[in-house]
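Engineer: With the hints as a guide, dock the two chains, each given alone in a separate frame, to form the complex.
Note that the protein sequences, when read in sequence, are chains L and S. Each residue of the first sequence is one higher than the one before, counting from 1 in this note's numbering. Each residue of the second sequence is one higher than the one before, counting from 331 in this note's numbering.
Some clues are possibly wrong.
Stated by the list, open to error - Not everything, but these chain L residues come out facing chain S in the computed CB check (under 7 Å):
| # | residue |
| --- | --- |
| 1 | Ala132 |
| 2 | Leu254 |
| 3 | Leu271 |
What the hints assert, rightly or not - Covered, in the sense of this in silico footprint (three residues per stretch, anywhere, with C-beta under 8 Å from a C-beta of chain S), are these stretches of chain L:
| # | segment |
| --- | --- |
| 4 | 102-115 |
| 5 | 240-253 |
| 6 | 302-314 |
Derived from the structure by calculation, the hints contain no laboratory data. Glycine included, C-beta positions come from ideal geometry on N, C-alpha and C.
This is what each chain is made of:
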Amino acid sequence: MTTPQVEVQAISRTYRMRSGLFGRPISVRAVDNLSFSIQKGETLGIVGESGSGKSTTGRMVLGLEPPDQGSVHFDGAPIAAPGTAAWCAQRARMQMIFQDPLGALDRRLAVAAQIREPLDIHNIGTKAERDARVHELLRSVDLNDSHGARYPGALSGGQRQRIVLARALATKPDFLVCDEPVSALDVSIQAQVVNLLIDLQARLGLTMLFISHDLRVIRQISSKVAVMYLGRIVEFGDADDLFARPQHPYTQALVSASPAPGRRSSNRIVLTGDPPNPAARPSGCAFHPRCRHATARCAVEVPQLTAPDPQRQVACHLVAGASSQAQDAA
Amino acid sequence: MAPLVRISGLKVAFDGTPVLHGIDLDIGKGEAVGLVGESGSGKSVTWLAALGLLPAKAKVAGSVQLDGRELLGAPGAVLDQVRGRRIAMIFQDPASALNPVLTIRRQLCESLALHRALHGEAARIEALRLLDLVGIPDAARRLSAYPHEFSGGQVQRIMIAMALAGQPDLLIADEPTTALDATIQAQILDLLSAVRREFNMAMVLISHDLGVVAENCDRVCVMYAGRIVERAPATRLFDDPWHPYAQGLIGALPPLDGARRRLQAIPGTVPDPRTLPSGCAFAPRCHHAGDDCHAGVPPLAPSEQERAVACLRPQRLPVELAAE
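Only chain S is shown next, with the shape it has when bound in the complex (with noise of 0.2 Å):
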């Protein structure tokens, strides 16, 4: 079956500087895609990349079809068409999203006017089941209130029913419950997968929590400075992961349960974009590197069981282990 998305081959520079690298990802109908990784990996870059978001200066190269159809360099008739009616994002901060001196009713009846042509009391009755639909007491009542009357929580709610209005085949939810506490957060998780299962929407969950992501994804992308490092199935790469990146970002979470240990910290930083270092862009900070690894960058391997990993020197369970 051909995927509802296909990103091949994408590349993004700012100012000369490349900070993508060449994504290749393919998000199926209905499924859940996480990308996790650090501040600067390039996780936002993709999407907002993908959907023309980004500003002039950017430079994008590649390729991103939906249906088969190419979206980069498509005029902006096409991709009004796509963002917010096929594809629909929120973000992590919803309350700078929403326009403050309009109220909901009025920000919802927008997004049905442009996406689907609704009008009158038919958008009303539309707004009023949207609101509804992602838990907010009171909807009727609360479609006139402003957005600074609701909380943290309940504008998230909002924002993920303004996407929900175009009646959307993706989701990209980038962070979306980062700045939330964690009981709301649980909330905000639980209504996600609720109106996934609903509407059979695709969602990719872009989030630096990989808890979060382990939970809610059927499939996991570890990005790290701007290139896919390993991809596996969501509950293979939490039990072995493969490559050292992977390895050490979930040997840097503290446990909850069971016996304390210490964390195994990553030794450095992130490396800046403007000098990163020739070959695997991890090896500085990799205790596994060798000289190779210096040499090229290792590509996305594909290997068995829907796995593939960048990386030379991968550190996979012995396989009498791995299976148990």
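So here's chain L without its partners, still in its complex pose (with noise of 0.2 Å):
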């Protein structure tokens, strides 16, 4: 068994927040006990609702803001502290993608110099190679040296985020986070970016985590796909087979509320209740409340990943302890 890129053990993330003025401060659990690994050239989607937790993962495993618990390792070694050396080394091989890339960019500086920064910041290279990589970079992202001259304001929001994207390539990183990155886009240049992206990820051999709502673009993009409720993942497994047959009961309900051209859904599973709020978590199973299968056990208990078959691992009592239920839930 090779180390794999990224190993995430245990991490959980709390923030303190008040409600009103003069409100006693409560600790939100944003992501509790979270373990996971991405191996070399492996896309892993975590996919998930607002509040589940998703981008404070993403940066965790990128060391922009420590885990209170747990660690995180990138190619066997753990994430230096942040500011330090040893983290500017590490940080040159792993990148971020955001999803507005107008706030990503200066605006008033030319993309080009944009797209150099890192190679300065990280002294790579002398000036004329430095200029030579901008050049190799922009056609890398199917751009070429006249967009690069231009201010972000001057390109439409597909290009700018192929901008985005030709930047955190430039250090030649080996491992990608990319946080909602099509999400802001239209339809057409949305494909446009993920095929880029899948087309980069083959030639450059990166490993991606890759963070999104849609259902479509995770299961497009992704080999593994881990699904998040509150903080923790409830399901995880390969991307197609997931999708195929979802066992936990909110990715069921995920699965079946994304619509689709040309099904018009008559059993849609329409969850009852409001989303999740992390401020206000639930006992036992997070989801109980929302669930159609919940038994008094669910409200109490905390399931466990478990895994119901090799490839695939469920955090649900009514499929750990009886899959034939599960089934027929499905």
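Structural biologist: Here it is in structure tokens:
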């Protein structure tokens, strides 16, 4: 067994927040005891709704914020403390892409200069080599030097996201965290960027953590998928198989809620109740107040991730205890 | 039967730049029509123009008739009888459509007073009924809550309740679920279709999400650069799109089941309305375009079975395949 590119062990992150001006501070557990690993060249997709802790997970994996508990290993070595020289060296090998490319770019700097910045920061190559690299990076995201001379405001949304991608690739990273990279783009442009990401990954052998709320995009790009609900993974498995045979009731509802052209759903699972609030986490299984199959046990005992079959892990009492019942539910 | 709303030749220009190039659209009573297209295609502008909600600098031409009565250029008093009363609208961002410093009761009662002349106790009872109808739990107590005390899905429910306050014949839902999570989106779409059935209300669903439109509408119009490029019954459009742009939109959507395939990305980007290509606006991005496509704008030509397509080379399936 080779060392995974990224290994996350039991990380948790708690935020303190106050409700109202004079409210007592309460702690919000954004990520709760999360473990996963990503093999080299693999893409792990994390899917979940707002407040499920997917973005916090992405930030902790990169060391942008430290986990309260647990550890993250990159290429076998723990992530160094932010700000140190060791972290800086590590960060050149791991990069991040965010949802809003305009917010990630400096509006008053030509984009070629922004692609070049990581090379300057990490002191890679001579001036001529850096210029050549910028040219090559623009080409690799299907843009040219004339785009490089422009300012972010003069580019379309899809082109801006390509620039952000080119900049992230400047230091030849091994690992890329993409947090909703195509969510703000129109569907035809989204397809361009998704295709580009898949091509670049195949060509450069990138390892990726791909975070999105969009099941379709996640399936298209990921080899493995983790479904998160209120800071925990509720289901984990092979991408195609997980969406074809979802076992956790929440995953089943998510898949069923995804509208599809040409399919008029008469048997859609419509969940009752509100989206989960991390500040008021239900007892037991966090999903039980919205679950059609919940039993008394679900309200008390937190289900652990167990493997009903070798390719799948599910955190649900009904699946773990009686897999036949879960089959009926599907 | 005369349509409820008939839009013909609707054109809009901002600062001399045309953004809508002549829209023809009929909405029948009780019908659900979807408008799909990417940002800037004119989906929302069509309805803002129809209801006189665009800023004064916008030049609007053409005709919008409600039950045979012209709305474009009608005096404010006439429009006030229509907006909210006959035709209501809900938007993508419900939180900014509500007043944050007034209770839900005040805001609901305001609509009821305006559109139904209900006051005092009668208005309060009706507000409670509406809130119950849209599925807000514990409605009696929640009436005195402020917008920030509700979740995003609940605020959209409240917006729907306010839209229903005038008992409209037509509801324009402009990206009503785009800002919501997937499971909440399913709830809101469910609510909209239940409300529509109950009141036999027509609906125009504006969305960039083909799946949402396909599942909730009878007919769909695909818009591109300020024109309708294809019009068809929902199921037929998605099984067999004719316009290359409609095909591209459907091909760009990653499948959720079956084999993974490479996405068919439409090359290039949506044209800037100030520098629209001559001829068909989609031609520069189209694989099938020929010289004639650049020569003139293809009209939206009606075809059999309630379909129409604005394309010189519609990509229709061979007859034997289409029959399957």
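Engineer: Could you run down the list of hints and mark each one as holding or not?
Structural biologist: Tested hints:
no. : hint    : result
1   : Ala132  : 27 Å, violated
2   : Leu254  : 6 Å, holds
3   : Leu271  : 5 Å, holds
4   : 102-115 : violated (count 0)
5   : 240-253 : holds (count 4)
6   : 302-314 : violated (count 0)
The structure fails hints 1, 4, 6 (numbered hints given earlier, in ascending order).
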